[in-house]
Structures are given as structure tokens and as C-alpha cells.
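*Asks:* Spelled out, the chains give:
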Amino acid sequence: MTDVTETPAPTRLRRILDSDLFYAFRTSPVALISALVTMFLILSAVFAPLIATTNPFDPASLNLMNGFTPPMEPNAFTGENFLLGTDDQGRDVFSTILYGMRISLFVGVTAVVFAMVLGIVLGLLAGYFGGWTDTIIMRAADVQLTFPSILVAMLIFGIAKGITPIEYRDQMAIWVLILAIGLSDWVQFARVVRGATMVEKGKDYVAAAHLIGRPSFAIMIRHILPNVLSPVLVIATISLALAIIAEATLSFLGIGAPPTQPSLGTLIRIGQQFLFSGEWWILFFPACTLLALALSVNLLGDWLRDALNPRLK
Amino acid sequence: MTDAILSIRNVTVEIPTRHGLFKPVKNVSYDIVPGEIRGVVGESGAGKSMTGNAIIGLLDDPAHISEGEIWLKGQRIDNLSAEELRRIRGKEISMIFQDPLTSLNPLFTVGEQLVETIQLHLGLSAGDAKTRAIELLDAVSIPNSTERFDQYPHQFSGGMRQRVVIALALCSEPSVIIADEPTTALDVSIQAQVLDLIKQLARDRSIGVILVTHDMGVIAETTEQVTVMYAGEVVENGTTDQVLGAPMHPYTQSLIAAVPRPHKKVHRFPQVSYGGRETVFKIEDLARNWTQSKPSKEGKMLEVKGLTKRFVEKASLIPSRTTYFTAVDNVSFDIKDGEVFGIVGESGSGKSTVARMIATLYEVDGGEVVFDGSDVVTMDAKDRAAYRKQIQMIFQDPFSSLNPRMKVGEIVAEPLIHHKILGRGQAVTRVAELLDKVGLARGAEDKYPHEFSGGQRQRISIARAIATQPRFLICDEPTSALDVSIQAQILNILKDLQEHLGLTMLFISHDLPVVRQMCDRVGVMKMGQMLEVSDSETLFSAAKHPYTAELLQLMPQLAQLDG
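Chains A and B, in that order, give the protein sequences. Counted from 1, the first sequence has number 199 at position 199 by our numbering; the numbering is strictly sequential. Counted from 1, the second sequence has number 350 at position 350 by our numbering; the numbering is strictly sequential.
Treat the hints with care, as some may be off.
Pulled from the structure, derived: some chain A residues nowhere near chain B, Cβ distances all over 12 angstroms [as the list claims (entries may be wrong)]:
{"#": "1", "residue": "Pro29"}
{"#": "2", "residue": "Met39"}
{"#": "3", "residue": "Phe57"}
{"#": "4", "residue": "Pro59"}
{"#": "5", "residue": "Met65"}
{"#": "6", "residue": "Ala76"}
{"#": "7", "residue": "Phe94"}
{"#": "8", "residue": "Val121"}
{"#": "9", "residue": "Gly195"}
{"#": "10", "residue": "Glu200"}
{"#": "11", "residue": "Val206"}
{"#": "12", "residue": "His210"}
{"#": "13", "residue": "Ala294"}
{"#": "14", "residue": "Arg305"}
Dumping the calculated SDA-like pairs for lysine to any residue here, alpha-carbon to alpha-carbon at most 25 angstroms [said to hold, decoys possible]:
{"#": "15", "chain 1": "B", "residue 1": "Lys544", "chain 2": "B", "residue 2": "Leu531"}
{"#": "16", "chain 1": "B", "residue 1": "Lys199", "chain 2": "B", "residue 2": "Pro143"}
{"#": "17", "chain 1": "B", "residue 1": "Lys314", "chain 2": "A", "residue 2": "Ile136"}
{"#": "18", "chain 1": "A", "residue 1": "Lys201", "chain 2": "B", "residue 2": "Arg405"}
{"#": "19", "chain 1": "A", "residue 1": "Lys201", "chain 2": "B", "residue 2": "Thr360"}
{"#": "20", "chain 1": "A", "residue 1": "Lys161", "chain 2": "A", "residue 2": "Met172"}
{"#": "21", "chain 1": "B", "residue 1": "Lys407", "chain 2": "A", "residue 2": "Met198"}
{"#": "22", "chain 1": "B", "residue 1": "Lys389", "chain 2": "B", "residue 2": "Phe325"}
{"#": "23", "chain 1": "B", "residue 1": "Lys495", "chain 2": "B", "residue 2": "Thr353"}
{"#": "24", "chain 1": "B", "residue 1": "Lys407", "chain 2": "A", "residue 2": "Lys161"}
{"#": "25", "chain 1": "B", "residue 1": "Lys91", "chain 2": "B", "residue 2": "Leu120"}
{"#": "26", "chain 1": "B", "residue 1": "Lys495", "chain 2": "B", "residue 2": "Gly454"}
{"#": "27", "chain 1": "A", "residue 1": "Lys201", "chain 2": "B", "residue 2": "Thr353"}
{"#": "28", "chain 1": "B", "residue 1": "Lys91", "chain 2": "B", "residue 2": "Ser145"}
{"#": "29", "chain 1": "B", "residue 1": "Lys26", "chain 2": "B", "residue 2": "Lys265"}
{"#": "30", "chain 1": "A", "residue 1": "Lys203", "chain 2": "B", "residue 2": "Phe325"}
{"#": "31", "chain 1": "A", "residue 1": "Lys203", "chain 2": "B", "residue 2": "His419"}
{"#": "32", "chain 1": "B", "residue 1": "Lys73", "chain 2": "B", "residue 2": "Leu59"}
{"#": "33", "chain 1": "A", "residue 1": "Lys201", "chain 2": "B", "residue 2": "His419"}
{"#": "34", "chain 1": "B", "residue 1": "Lys407", "chain 2": "A", "residue 2": "Asn227"}
{"#": "35", "chain 1": "B", "residue 1": "Lys23", "chain 2": "B", "residue 2": "Lys91"}
{"#": "36", "chain 1": "B", "residue 1": "Lys447", "chain 2": "A", "residue 2": "Pro226"}
{"#": "37", "chain 1": "B", "residue 1": "Lys389", "chain 2": "A", "residue 2": "Phe217"}
{"#": "38", "chain 1": "B", "residue 1": "Lys382", "chain 2": "A", "residue 2": "Asn227"}
{"#": "39", "chain 1": "A", "residue 1": "Lys201", "chain 2": "B", "residue 2": "Arg384"}
{"#": "40", "chain 1": "B", "residue 1": "Lys447", "chain 2": "B", "residue 2": "Leu422"}
Simulated from the structure, these hints should not be mistaken for lab results. Where a beta carbon is used, it is the ideal one built from N, C-alpha and C, also for glycine.
Turn these sequences into a full structure, and let the hints steer you where they fit.
*Replies:* This is the structure:
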């Protein structure tokens, strides 16, 4: 039958605003609040140099006399006021948190992107070709899952530390951290993509593409990949929260971000030394920031999973 | 009518959505008389199932009855509380669903499920309930009922399972049964048995039955009264003979006109032209620049010799221990230039597997597929690519055959660009032309498949299939997922393709009347074997093989139509 009305194709933005997903977002308070908090934290990390009162990593701006200033109180010697206090070296905690969050987010996002790309590629191959390809990739994934991911990350970190020359170690630390977290995280992407690929592979549009004569590579990228991406998006969001926590854990253990480039985890490690001597703010504020960041991203991921799953509606 | 057991009066169902109020059922009224079967017929989305659900209070939130009344045995039931309604549902009104696989719990034996329901409604002791359950299994003609009592649903075939569901519906000795497409998932031969059973039970036990279906054949064979629904409204109510033989409403007339006749071949299907859904095809225009119509060697386009396909049933590391299931067993036939060759058979007969082997989607385990003189099975990659350019396929399920993440324009352009027939710029014009020819509105190329109905998607599939100007088209149940009026339109397009473009077709279907209308020659398959190949007129008038004769006999006769 012919459509009587010929409505012009709506623009991309109109489509998004009209979509059920956006409607579900608009009407969910949890989604709105967590998205707002996430956006706020990400923006303040990105614009840290503009917001922060001092650059905590510029030694010239540090004054040891400012050390251990409590929040919202003038320093006993210099009379300077710090919103969230200062640490042992006189660094402004507020500024270190902003800069620390940059490192945490950078490591988290890059590690998840790395894990995602690796997982998608291996998952597509395993699901599409099946047989031995599938067996090898998925058994490797199974073996990897038998080790706790922190342990895998520590192993990779240890090896990398052993083979990099000492003068590059601090520069390399961040990248090794990304590699370590990314490598311990690809398995769940691969599993989900493999499963979804096996379902999509059986559908007739893939058969139609075969009939056209499209090569396997084109079918995987052009046809199957776009159809397996929505579960990947959900895992990526939840993984981001986990990666940020994993990075903080490793840094807390002292094998992550170096003190010259402290992430939230490094700040917490530094802070916990002073917890019992009464300087609670050095630990408390970075920990709260980590909590807010991980929680809001996680809630967003949870909401996304429910919103994209038609069976839960 | 005063003796009605169930009476639906002016029922309207509303679903509030964020796009506004949606009324899937508008002002529907009908009565059910004990011992009589009322058919409710209409196309998908006509609100026939929704009415059934409304009667027993199974509407999913936020759908609700906004107006009207439902009376059961002189008691109004639409305004009862959920608890009171639950007691009536099951006790007085039972339901039979379309898919017997999902309406039985796979973790309990059939006996357990029957006994539980009987105890719940009749309050019998365990022993008495078991005796009653076995009686019921006998009543629905399940052989060896005592042994089968202890079996699980997966040990029953589809037809047997639907019998169990019917037995389950009878447990509470209901006065009304709502059967929602009870035979749609079943093969013709089983369908006839299940419908006979429902007919007999209704008569013997004085049960009023609402039979919801889209199949005019089922209506003609089974029902006494019929209600025709269109877009949520009842357009016609009456006895089956009257509605089918002399339909009053233009929609009913057009619907009945579109039903493929089993008895005579027509040149074109009459178009359903109700509700301003006129469509114009311009397939003839395509013929002018259609290039690939050279004759094949000896006039035979495709020759299939001893084709065999085995699927691994149980894999084992030791090759001799691996067991196989032979899906296609030594099948041979040939298709001449410009011919439509049909394969009919019930589900699992291997007809789709044959199609997929010819399309090189499945590897061949034995035999030859000779296309225009050369064997496809042993071809090298380059020849295969050339072969694939000359064949195309139209699939059964219009929802899975189009990539949901690609725009329609990209879908249709893909074969053109892949085979380097046209550049990207020219392809755009060509795609617009193709979509226009198959009867889609302008602007279709910028939309995604989910914005189209099943019939429109099948048109898109056709546009994609003919984009490369193939010589040979494989149609694997192209209309079995579509409503009858849409089916007529799609079949007309296919007929036009064959007539004006000289396309050769392999047409696979389980629907005998459709096969009769479409095919020049027909092969009948059963359990992987080709039982009989013959001229379609000969096959329908004088079948040689007893299985074919049985299939033809089970075909709904539609005696009321055309006098």
C-alpha cells in the first residue's frame, strides 16, 4: 500500500528527541540526577585548569607553610583560606581532586575503550566464524576469568615495570595502567558481542547480504556490528564505573598512578596516612568524589540497561 | 439474543500512550450461544485478540475497557474486582493460545498440569482428579493416555501439544472457550484434526467457542457465526454462510475476494481496495531496460540432481560416532526458463533447505545444482560470484530480512554498489525508481525498516532482489507472514515480475491454494524427499501420490465462496 501522506524524513536530532529511550530518560529521576552529576564531574575535570584555584603540580605555587590547613579555616601561619583544606605539602585539596579526577577519568575511559574495541573484535570473530576460532577465543576468555581482574592488572603492571627503563617509568605508568585494566575487562564485551552476533548471524538480512556476495568482513562490520552495539553501550557504561574503581584500587595499592600524577586513588592513599592524626579532609574529600563519580556512572548504566531491555518494561 | 451465554455489548478498549489515546477496539458487540462456534476474523491489528483478552480481563496495563459491558450467564463481569474475575476466568471461560509451546510449563508433566487445574476448579481428590485428567486426554483423542499422562510437554508433537492445551482448557468444565489462532502454528493436516476436535467438543459439551483467526479457510470450515473486524470495529456480523457467500460490507467483500481460491486459477488476484489503500505497480516499465533475459542452455535454467543435506544431530570427536539428520534426501527436479516452479510441503519437509542450498547459503552434502549448464557446487569463487549476481531470494520473515540499522535506500543500493553495476550517485536514482515500481511512497529511502508494515517490507525485499536484474528468483514462503489482502498484492507483484521481466522463480510455500495460483509446475516434499513433481493443474486435479491427495483433501474448501 502506498502511504498517502508523504512526511519528510525527520532530522537526526528530532529522531533522538522523539525516541522512546529519550522519553524514558526524561521521565526517570534516577537517570536525570545521575546524568547531571556525571556531567558536572566530567566537565569540572575537563576544565580543571580554569576552575582550580592553584595548579597543585607546579612546585613554585606550593608553600609548605600551608600544610595541613583544615577546610574553610584560615591557615595559622599564612592566613590563606582553602575551600577543602590542604594536604601535608600545602597543596590545595580542591585543586588536587579536580586534577586527580582528570587522571581517573582519562584512565577509566581509555581503558574501557581499549577493552571494548578488543572485546568487540574478538567477540565478532568468535560469534561469526564459530568452530575453532570460537573455541580458542572463548577458552582464553574463560581462563582469564579464573583470575581476579585486580590480580591480572597487577601482573601486567609488574611485568611492564620490569621491562621499562627507570627514567620512563612514571610516564609509562598511566599507559600501563590503561593496558592492565583494559586487558582484564575485555572478556565481558567479547561474551556479549559473541552471543548477540550468533543471534544476528541467523537472521535473514545476513543471508541476504551473503546472497549479494558481500565478503564476511563487510557483513560483520556493516551488518552485524551496528545491531549488537546496544548491549555493548550498557556494558561500557557499567564498565566505566568499574574501571574507575579498579584504577583507584591499583593506585591505592601504590602500583597505579604515580604521586607526580596523582589520581583519586593516589590521593586516597596519601590521605589515609593522616586519617588517624585528625587531618580527615585529606582523605574524605577525594573519597567522596570517587564515590559520587562511580555511583552516578553506575546508576546511569543500570538505568540504560533497563531502558534498553524491552522484557523489563 | 436471549439464550446467549456470553454477551459483549459496545465494548471499547483504550490504551493511553504518550502520543495520545489509542483505541484498538471500538464499540464491539457480539453474542456467544452454547454449542456454537463464533469466528472472529480480521487482519492483524484489527483488534480481534484484544477483544478476547478484554473478555477475560487479561488486558495488559495500561489498556482498559473504557465503555461497554460484558455479560456472562446473566452476570455483568467487566466491572468485577481482579479477585472475582480471576475466579470466573478459568472456571467459566478458558483460553487456548496460538503457541502450544509457550502455554504449557516445560518443567511439569502434562498430568501434573491437568491434575492441578482440575483440583483447583472442581475440588476433587488427587485420585479422582487423575481419573478425570485421563478421561480428558481421551476426550481430546490422545492415544495411550495413561502412559502419556506422565510425559513432559516436549515429548509431544505440536498438534498433540495443542490437544493437551485444549484438555487443559476443558479441566474446569467451562461454558465458554476463547481460542486465539489455535491452529496458526500447525501444519494443514494437524490443523484439520484440531479444528474437528474443537467442533466436536463444542457440540457435545454445549460450550460456546470464540475462534479468533485471520484464516478465511478456518472460518469456512469450522464456524457457524462470524464477526468481521476491521481497524477495531465490527464491520459485519452474521452466519458464516451469509457473510462468506453474500458479504454486505465492502471490506468483507474485498477481503473475501483476496483469498486465493483452491479450485481455479486466476490471472491476477483481486486487489483489496478498502480504506483508500489502492496501489499501482509499474513493473512493466522496468522491462524496458531489463538486460539479463538471455535463454539458458537447452532452455533449462536450473537442474537439481540428487541433492542431499545432512545436519549434525549429535557431534562427536570420533567421526563414526557423529549422528546426522538427513534434512534433504536425494532430491531432483529442473526448472525451465521463465517458469514458476513450486515446492509444497509441511514444516520440516526440507523445502527451505533446498532453497538455501540452491542459493549457496548452505553447503551441499551430495548431488549437483546445475545452473545454466554449470555445476554450482563445484564452482570456483569467481564463478560463484557471477552466479550469485544472477540469483536473488525473497525471505519469509519481513522483519528479519532487512537490517534494522540501515536506511531502506542503503539496503536496496547495497547489491548495486557491491556488484559495481552503478556508482553511488546513480544508485540513488535507481533505488528511488525501484522503490517507486514496487509501490512505495516517495521518501521511503530515507526511512528505517521499522517504519514500514510487513507488506511494505516485503516490497522493499523485492526491490532489493530485483536491483541486480537477476534471472532467477527464489521465494521462500514470501507471503506466509502477511495478511491475506497484503498477500494478494505481493503475489501480484511477483506475477508481474515473472510476466514482464521473464523471471524464472522457485516458489516455496505450505499454502496449497497460493501454490496453485502461482506455479506452473509443483513438487511435493515430505520428510526430505520429493514425492511427486508434476504440472500444477494435473497435480490439483489428479494427484498421483497418496500423500499429495491427502494434502489436497485437507485443504480448506471454502465451499461458500463463489457459489
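*Asks:* Compare the structure with each hint and give your call.
*Replies:* Do the hints match the structure? See the list:
1. Against the 12 angstroms criterion, A/Pro29 stays outside the reach of chain B, whose nearest CB is about 17 angstroms from its own CB.
2. With a least beta-carbon separation of about 25 angstroms from chain B, A/Met39 lies farther than 12 angstroms from that chain, consistent with its non-interface assignment.
3. Annotated as non-interface, A/Phe57 keeps its C-beta farther than 12 angstroms from every C-beta of chain B; the closest such distance is 45 angstroms.
4. The beta carbon of A/Pro59 sits about 53 angstroms from the closest Cβ of chain B, which is more than 12 angstroms, so the claim that it is off the interface holds.
5. Against chain B, the non-interface label of A/Met65 holds: every CB pair exceeds 12 angstroms, the least being about 61 angstroms.
6. With a cut of 12 angstroms on Cβ distances, A/Ala76 stays outside the contact zone with chain B, its closest approach being about 60 angstroms.
7. Even its closest Cβ contact with chain B, about 43 angstroms, leaves A/Phe94 beyond 12 angstroms, as expected for a residue assigned away from the interface.
8. The non-interface label for A/Val121 is consistent with chain B: the shortest C-beta to C-beta separation is roughly 19 angstroms, beyond 12 angstroms.
9. Here A/Gly195 stays apart from chain B, with its beta-carbon at least about 17 angstroms from theirs, past the 12 angstroms limit.
10. A cut-off of 12 angstroms between C-beta atoms contradicts the statement that A/Glu200 is not in contact with chain B; the least separation is 9 angstroms.
11. For A/Val206, the requirement that its beta carbon stay farther than 12 angstroms from each beta carbon of chain B is not met, with the minimum near 8 angstroms.
12. Not every C-beta of chain B lies more than 12 angstroms from that of A/His210, the closest at about 6 angstroms, which undercuts listing it as non-interface.
13. The beta carbon of A/Ala294 sits about 32 angstroms from the closest Cβ of chain B, which is more than 12 angstroms, so the claim that it is off the interface holds.
14. Taking the minimum C-beta to C-beta distance to chain B, about 20 angstroms, the non-interface status of A/Arg305 holds against the 12 angstroms cut.
15. Only pairs whose Cα atoms come within 25 angstroms are accepted, and B/Lys544 paired with B/Leu531 is accepted, the gap being roughly 9 angstroms.
16. Under the criterion of a C-alpha separation no larger than 25 angstroms, the hint pairing B/Lys199 with B/Pro143 is consistent with the structure, at around 19 angstroms.
17. This hinted pair checks out: B/Lys314 and A/Ile136 have alpha carbons roughly 21 angstroms apart, not beyond 25 angstroms.
18. At roughly 15 angstroms between alpha-carbon atoms, A/Lys201 and B/Arg405 fall within 25 angstroms of each other, so this suggested pair holds.
19. The straight-line distance between the Cα atoms of A/Lys201 and B/Thr360 is roughly 16 angstroms, inside the 25 angstroms bound, and the hint therefore holds.
20. Pair hint A/Lys161 plus A/Met172 holds up; C-alpha atoms about 9 angstroms apart against a cutoff of 25 angstroms.
21. Distance hint between B/Lys407 and A/Met198 is fulfilled; the C-alpha atoms sit about 23 angstroms from each other, no more than 25 angstroms.
22. Only pairs whose Cα atoms come within 25 angstroms are accepted, and B/Lys389 paired with B/Phe325 is rejected, the gap being roughly 31 angstroms.
23. Taking the CA atoms of B/Lys495 and B/Thr353, the gap is near 24 angstroms; set against the 25 angstroms cutoff, the hint holds.
24. A threshold of 25 angstroms between alpha carbons decides the hint, and for B/Lys407 with A/Lys161 the separation of about 50 angstroms lies outside it, so the pair is violated.
25. Our distance criterion of 25 angstroms between C-alpha atoms is met by B/Lys91 and B/Leu120, whose separation comes to about 9 angstroms.
26. At most 25 angstroms may separate the alpha-carbon atoms for a hinted pair to count; B/Lys495 and B/Gly454 meet this at roughly 19 angstroms.
27. Taking the CA atoms of A/Lys201 and B/Thr353, the gap is near 17 angstroms; set against the 25 angstroms cutoff, the hint holds.
28. Restraint check for B/Lys91 and B/Ser145: satisfied, since their Cα atoms lie roughly 24 angstroms apart, inside the 25 angstroms limit.
29. Between B/Lys26 and B/Lys265 the alpha-carbon distance is near 38 angstroms, which puts this suggested pair outside the 25 angstroms criterion.
30. With a C-alpha separation of about 22 angstroms, the suggested pairing of A/Lys203 with B/Phe325 holds against the 25 angstroms cut-off.
31. At roughly 22 angstroms between alpha-carbon atoms, A/Lys203 and B/His419 fall within 25 angstroms of each other, so this suggested pair holds.
32. Restraint check: the Cα-Cα separation between B/Lys73 and B/Leu59 comes to about 22 angstroms, which is no more than 25 angstroms; the hinted pair holds.
33. A threshold of 25 angstroms between alpha carbons decides the hint, and for A/Lys201 with B/His419 the separation of about 22 angstroms falls inside it, so the pair holds.
34. Straight-line distance between C-alpha atoms of B/Lys407 and A/Asn227 comes to about 13 angstroms, which keeps the hinted pair within the 25 angstroms bound.
35. The suggested pairing of B/Lys23 with B/Lys91 is violated, with an alpha-carbon distance near 29 angstroms, which exceeds 25 angstroms.
36. For a cut-off of 25 angstroms, the pair hint linking B/Lys447 to A/Pro226 stands: about 16 angstroms separates their Cα positions.
37. For the suggested pair B/Lys389 and A/Phe217, the alpha carbons sit about 19 angstroms apart, so the restraint of at most 25 angstroms is met.
38. With a C-alpha separation of about 30 angstroms, the suggested pair B/Lys382 and A/Asn227 falls outside the 25 angstroms cut-off, and the hint is violated.
39. For a cut-off of 25 angstroms, the pair hint linking A/Lys201 to B/Arg384 stands: about 21 angstroms separates their Cα positions.
40. Annotation: proposed proximity of B/Lys447 to B/Leu422 holds, straight-line Cα distance about 22 angstroms (limit 25 angstroms).
Hints 10, 11, 12, 22, 24, 29, 35 and 38 from the list above are not met by this structure, while the remaining hints are.
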